[in-house]
Amino acid sequence: MKLDFSPEDELFREEIASWLAANLCGKFDSIRGRGGPGDQHMFIDERKAWEQKLYQGGWTCIGWAPEYGGRGATIEQQVIFNEEYARAQGPGRAGHIGETLVGPTLIAFGDQEQKDRYLPEILRGEAFWCQGYSEPGAGSDLANVKTSAKFDDTNQQWQINGQKVWTSLARESDYCFVIARTDSKSVGHRGLGFFLVPIDQPGVTVRPIEQLTGTSEFNEVFFDDAHCSIDDIVGEPGDGWKVAMGLLGFERGVSTLGQQMLFQNELDEIIVLAKANGSAQNPQIRQRIAEAHIGLRIMRFNSMRVLSSKETDGSLQKEAMIYKLYWSSWHRNLGKLAMDVMGSESEVLEDGPYQLNRLQSMYLFSRADTIYGGTNQIQRNLIAERALGMPKEPRG
Amino acid sequence: MKLDFSPEDELFREEIASWLAANLCGKFDSIRGRGGPGDQHMFIDERKAWEQKLYQGGWTCIGWAPEYGGRGATIEQQVIFNEEYARAQGPGRAGHIGETLVGPTLIAFGDQEQKDRYLPEILRGEAFWCQGYSEPGAGSDLANVKTSAKFDDTNQQWQINGQKVWTSLARESDYCFVIARTDSKSVGHRGLGFFLVPIDQPGVTVRPIEQLTGTSEFNEVFFDDAHCSIDDIVGEPGDGWKVAMGLLGFERGVSTLGQQMLFQNELDEIIVLAKANGSAQNPQIRQRIAEAHIGLRIMRFNSMRVLSSKETDGSLQKEAMIYKLYWSSWHRNLGKLAMDVMGSESEVLEDGPYQLNRLQSMYLFSRADTIYGGTNQIQRNLIAERALGMPKEPRG
Amino acid sequence: MNFKFTDEQMMIRDIAEAFLAQTSTSAAVRQAMSTELGYDLQLWRRICDEMCWQGMHIPEAYGGLGLGYVELVATLEQMGRYLCCSPFYASVCLAANALLVAGTEDQKLTYLPQIAVGKTATLAYTGESGGWDSNSVKVTYQKQGDSYRLNGSYRFVPDGHSAEILVLAARDQDTQGDEGISLFVVPANTPGIRREWLPTMDQTRRQGQLQLDDLVLNSDAVMGDVGQSWAQLEQILDLGRIAVAAEQLGGSQQCLDSTVAYISERVQFGRSIASYQSVKHKCADMMVKVEASRSAVYYAACVGDQFFNQTSDAVGLAEAASIAKAYSSEGFFHNAGVGIQLHGGVGITSEYDIQLYFKRAKSTETFLGAADYHRERLATLLLDTQVAL
Amino acid sequence: MNFKFTDEQMMIRDIAEAFLAQTSTSAAVRQAMSTELGYDLQLWRRICDEMCWQGMHIPEAYGGLGLGYVELVATLEQMGRYLCCSPFYASVCLAANALLVAGTEDQKLTYLPQIAVGKTATLAYTGESGGWDSNSVKVTYQKQGDSYRLNGSYRFVPDGHSAEILVLAARDQDTQGDEGISLFVVPANTPGIRREWLPTMDQTRRQGQLQLDDLVLNSDAVMGDVGQSWAQLEQILDLGRIAVAAEQLGGSQQCLDSTVAYISERVQFGRSIASYQSVKHKCADMMVKVEASRSAVYYAACVGDQFFNQTSDAVGLAEAASIAKAYSSEGFFHNAGVGIQLHGGVGITSEYDIQLYFKRAKSTETFLGAADYHRERLATLLLDTQVAL
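Residue numbers (this note's numbering), protein chains in the order written: chain A, 4 to 399; chain B, 4 to 399; chain C, 4 to 392; chain D, 4 to 392.
Honestly, the hints are just simulated from the structure, not real lab data.
Since this is a predicted model, take the numbers as computed values, not measurements.
Careful: at least some of the hints might be erroneous.
[Stated by the list, open to error] Within a straight-line C-alpha distance of at most 25 angstroms, the following computed DSS-like cross-link-like pairs (lysine-lysine) qualify:
(1) K149(A) to K188(A)
(2) K7(C) to K5(B)
(3) K278(A) to K141(C)
[Unchecked claim] Cβ pair distances, simulated, as ranges:
(4) V318(D) to P397(A): 45 to 55 angstroms
(5) D354(A) to T178(C): 29 to 39 angstroms
(6) M248(A) to L40(D): 48 to 58 angstroms
From the three backbone atoms N, C-alpha and C, an ideal C-beta is built for every residue, glycine too.
Turn these sequences into a full structure, and let the hints guide you.
Okay, structure coming up:
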């Protein structure tokens with residue numbers, strides 16, 4: 004167990020740091036530190052352009068194997084990349100679903116044709132993805148998916164019908180991956196398929212959900228005889244659950260470090276504010292800022308443990324299972340702290356109704372963190388049942 | 004709605020205050036502020052003597068009707084009595100189970116003979132009672148009582164067999180009221196009886212349970228062919244549940260004010276300590292002391308609401324249902340606060356191993372508060388199901 | 004001592020509930036939220052003309068109904084429960100209280116009858132600092148002969164941009180802390196006052212900012228003894244704290260009720276969400292907070308009555324107000340947050356009302372001092388002084 | 004960077020676990036608790052002779068094994084998990100660290116080999132105040148020619164009544180704060196030292212008090228630069244904090260494990276207690292605290308290694324130590340408290356071990372500064388200085 008990086012890794016650090024210094028500037032100045040949770044739909048054009056800039060520097064998908072255009076970066080290098088990206092206040096990655104979820108899923112479960120078709124445009128920052136998991140009435144309950152996929156023999160394509168909800172970036176994406184029921188008689192985890200569906204087609208309607216922030220990061224996505232080609236199913240019909248579970252494993256990997264960098268930016272902003280408005284002298288605020296710092300540092304150490312273990316063991320470990328519950332609770336507290344540091348000014352909308360500043364938006368949106376992607380209640384069930392072996396909740 | 008007391012009540016206040024000033028002194032000086040939770044078994048002889056002193060002044064069972072020897076004190080007068088008793092640092096009432104539980108139960112459900120036999124000696128501070136509810140394996144689950152009561156036709160008496168646990172003051176008591184199953188084939192709430200059982204008999208064995216404090220406030224009570232007379236069942240065989248539930252209603256009444264006075268003494272001691280050792284300057288400690296003060300004041304206001312409502316409506320109300328959960332959580336926090344105010348000295352046993360001072364003992368014993376008499380988990384179930392009408396937990 | 008509503012108080016409460024359930028609907032609240040004024044004038048006229056709430060605790064001598072603080076609190080609880088958007092709080096719980104506590108007989112006779120028929124009013128005292136103690140009074144006055152020249156700006160003034168009568172706190176130049184503070188009462192259209200809406204995250208309560216540029220006032224505008232008004236202002240604020248705590252209590256109750264209603268309908272994993280033990284326990288904890296908050300608020304309401312009857316002193320009022328405000332602020336915020344959580348995904352949409360309560364919880368938590376402010380205030384009473392509580 | 008145990012480290016951990024599971028049983032702990040010494044001499048000899056833990060991170064040049072802080076922490080975690088009663092912590096994590104950080108070459112050569120073969124030692128620095136910062140150093144020294152005269156008393160000294168070698172902190176008369184503090188190392192039987200057991204609530208760790216009456220020491224007892232030692236003492240304490248956090252982690256884990264085991268057996272209302280969702284969620288929260296504590300402790304262990312390798316500075320050490328100590332203190336206390344609660348009635352009996360963990364949690368929480376102390380220390384770094392963390 005050691006924290007030190009090798010001399011080669013330190014060279015790598017210098018490489019990315021100087022590249023960022025040279026490139027995250029000029030027209031990209033405006034997106035520094037932007038695009039985090041609750042802010043993902045903002046500055047989308049600039050952030051897509053930034054993805055292409057990253058690609059030109061060879062900084063997209065660095066964890067992918069070289070055969071797919073990545074650098075085959077080691078875990079250490081990925082950690083370093085994220086550290087330096089954070090230090091430089093790099094914006095939230097518009098391509099993160101493609102890079103960290105779809106890409107690894109296709110590499111693990113896709114066929115060669117799918118890899119050839121989809122990986123390069125993700126790599127180049129040209130195609131963007133969103134995810135179609137949750138459904139109204141299903142919520143966190145993936146086994147209750149109602150969206151159907153029927154194979155249309157005439158047109159030799161899959162026909163998708165149903166509705167997904169809480170899909171972020173749907174309006175800004177080119178594709179959506181969709182879990183749908185291929186066997187209409189199936190129930191639960193069986194009979195599901197994992198589909199790659201283009202958004203820009205008559206059968207797909209995206210309707211923004213207005214949130215408590217007044218903005219719409221999330222969307223409803225309606226599929227009315229939407230289609231994708233015969234080749235756009237990952238694995239076989241019936242494999243959907245397996246593929247989706249694999250993807251959830253990828254989700255809790257390196258991408259968490261990208262999230263943490265945004266959290267660090269937020270905490271830094273709060274600290275600057277506290278120093279400026281004098282609340283840094285308030286003993287309660289001091290305790291809470293220190294607690295936020297402790298929480299974020301430990302979040303990072305947790306991720307380092309997960310990443311270090313992953314190299315030898317692909318299964319989801321205890322330290323990985325706590326991740327969602329841990330970060331979402333931490334972030335929710337950070338939101339409240341931000342407001343309390345702002346004090347009375349936290350209420351004021353400087354730019355008029357209903358223009359929230361970054362911390363106000365973060366504060367309100369952080370209430371969603373403990374809900375989407377499995378509520379804190381679901382997370383605790385999973386931890387108790389899977390990590391501690393306690394009895395399962397009975398289904399109704 | 005008003006807080007002011009009438010001129011008559013203010014006279015009553017002067018009466019009890021001056022009686023206490025004149026009587027809670029001399030040989031009773033040593034028991035001021037003693038005998039609270041975790042400390043109930045201490046100074047028992049002095050506290051029994053104090054009960055008799057109270058009786059001589061006419062200050063036991065003041066809420067009982069005059070026909071039973073009480074003053075028929077109004078709720079206001081009972082509040083005043085408890086306020087002044089607290090102000091004078093009156094010791095924990097050794098007779099409280101008799102006065103606040105057994106007495107009201109007999110008055111409500113007992114027959115004339117039982118009233119004649121038991122009420123006077125409770126009133127005079129001559130007979131002391133303990134309660135036999137919980138059983139090993141039953142815990143908070145009263146419907147799972149296994150202790151049996153069979154009627155012995157030959158001797159015309161009830162024969163009790165079984166075991167009770169977590170019985171405080173059992174060694175110091177003359178009688179135990181016992182919930183036992185009169186119908187051996189019954190299950191759940193049916194077929195229970197409510198018995199008045201003398202402790203001092205060959206069939207009853209009391210075994211102290213050593214607690215984390217090193218002392219033994221709680222006991223196991225074993226009944227091996229223990230007996231009580233044919234007249235010592237309250238109500239009919241099968242009425243046990245009804246009687247026990249009525250008694251729980253009494254428990255949450257005026258007696259809570261007696262508990263609060265001990266809490267106030269504890270908090271006062273903590274405040275004195277904080278001022279003396281400088282921790283009163285610690286901003287975190289200041290917040291927590293204020294929070295404890297807020298919590299205790301609100302506990303009092305809650306009780307006042309319950310008491311004021313009781314006069315017109317005997318049913319258990321929302322503000323009464325929260326009482327146990329509220330005070331036990333508050334008291335547990337107070338224990339931790341006491342230790343943190345003491346700081347490093349909180350560890351030190353001034354009088355050697357394993358002699359805890361009052362606050363240390365309170366701290367450790369307060370962990371029992373959230374367990375006995377229905378754990379906090381049980382309390383939350385009850386609140387959700389009874390007050391909020393949410394679905395019941397399924398039994399296994 | 005009788006710590007429950009009288010039959011008459013129950014009736015006042017029930018009438019308020021029935022009226023607000025009909026008039027302060029989700030749609031009505033959202034309509035009011037969208038305007039700069041922040042409330043519906045027609046509803047306000049009905050409140051004033053039909054319900055006469057605004058005159059409830061104003062003595063009959065000044066055109067009011069002469070009821071007490073308990074009646075006021077019972078009504079405020081329902082207004083908070085239904086998120087009622089109105090200038091009631093600022094006019095009655097700040098300005099009318101200021102006049103009752105600190106006004107001269109002339110001022111009472113001039114302004115209270117106006118408020119009692121529905122003229123709006125407010126109290127302005129905090130400057131840019133964002134604090135709530137005496138140091139937050141930043142506007143200064145200069146005595147010039149028999150008149151006073153006020154300069155400076157106020158922020159976070161409830162309905163500050165629209166109220167028709169203003170109570171202003173200002174301090175003698177070069178003073179700080181509790182010293183040198185005076186109160187003035189003036190019509191809002193007096194020259195020298197510029198006012199502006201301060202848009203806020205919680206859209207159900209309006210805040211404004213005021214700029215005073217050489218506002219010149221005669222001595223008949225002065226309330227109480229010149230330079231000696233902090234003690235009275237603190238009492239006014241404590242009465243205002245009790246009132247806002249009452250609104251918080253109502254909001255807190257509604258978060259519980261609407262959440263239990265929602266989750267009892269909603270099915271997940273084949274069961275009603277309300278059947279999950281972790282959900283039940285969260286609701287039980289919410290109820291604890293509601294009932295404890297209720298006890299604290301009703302107690303404080305009684306102390307409010309005692310204060311007006313002069314049977315409670317300023318320390319008793321301060322203690323009761325800080326307890327009610329500290330507990331109800333945290334209770335409401337907790338319940339609104341848990342309410343969102345138990346609503347799940349829809350909890351964070353603008354469509355459902357729970358988010359409106361969440362925002363109201365935060366704005367009222369901050370207003371007139373959050374819980375830690377009041378705990379520190381109580382700590383001072385408990386630890387730094389010899390006053391017996 | 005590789006943030007997991009190497010195979011060798013795993014082996015060290017596993018051996019420690021197996022040894023302690025056999026030797027530090029509930030009965031053995033209770034036996035040790037009942038003695039004034041506080042530990043079983045025979046077990047201590049086995050630890051020293053068979054396991055050689057006490058020499059683990061002492062360099063080979065001074066008779067140790069020359070392993071690192073990660074190995075030490077892996078072992079301490081298991082000692083905490085099994086509540087091992089021994090003079091290990093005081094001797095190794097305080098005294099040996101003090102010698103390593105601040106000792107002269109002569110002192111290292113004299114004392115470290117003694118500790119490496121099992122001589123016991125400790126560090127005394129706090130006086131009556133009960134604090135843990137530099138102001139808690141109350142014992143004073145007076146320089147007289149080439150010698151030093153020490154007077155005063157220490158409290159809360161781990162194994163202070165029995166350790167054979169003492170590292171003592173004292174301050175030059177008339178200094179305060181960080182100034183004027185020196186460290187001395189002496190055999191405990193030096194005349195002028197009176198020692199006494201200080202019985203404590205947690206019986207699994209011993210504390211003592213020391214009285215110095217004109218203790219006269221030569222300059223060869225001085226560690227580091229006279230009067231300049233606070234910075235070094237702070238580093239020693241930070242290394243000690245990491246070590247106690249490791250013990251807390253082990254205790255925290257055991258609270259979770261023993262609780263899950265107990266409730267899985269126990270039936271209430273016809274169901275296993277472990278099947279109740281509220282119980283499951285409490286256990287899930289316990290696991291979160293264990294795993295987060297583990298991450299913090301292992302990170303701090305790595306920083307400990309870096310510190311000894313001079314690749315981390317004192318600020319990095321302080322940050323890591325305060326994070327680990329603050330989080331693990333609260334995590335252990337939380338888990339022990341919830342553990343008692345989920346045990347139900349038996350949780351508060353002396354028969355079950357969970358109460359021993361509860362007491363250990365409190366004593367270690369206080370020792371070397373509770374969570375709020377460390378948060379304030381981090382706040383100073385974050386808010387009051389220009390140092391980048």
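Unmet hints by their number, sorted upward, for this structure:
none
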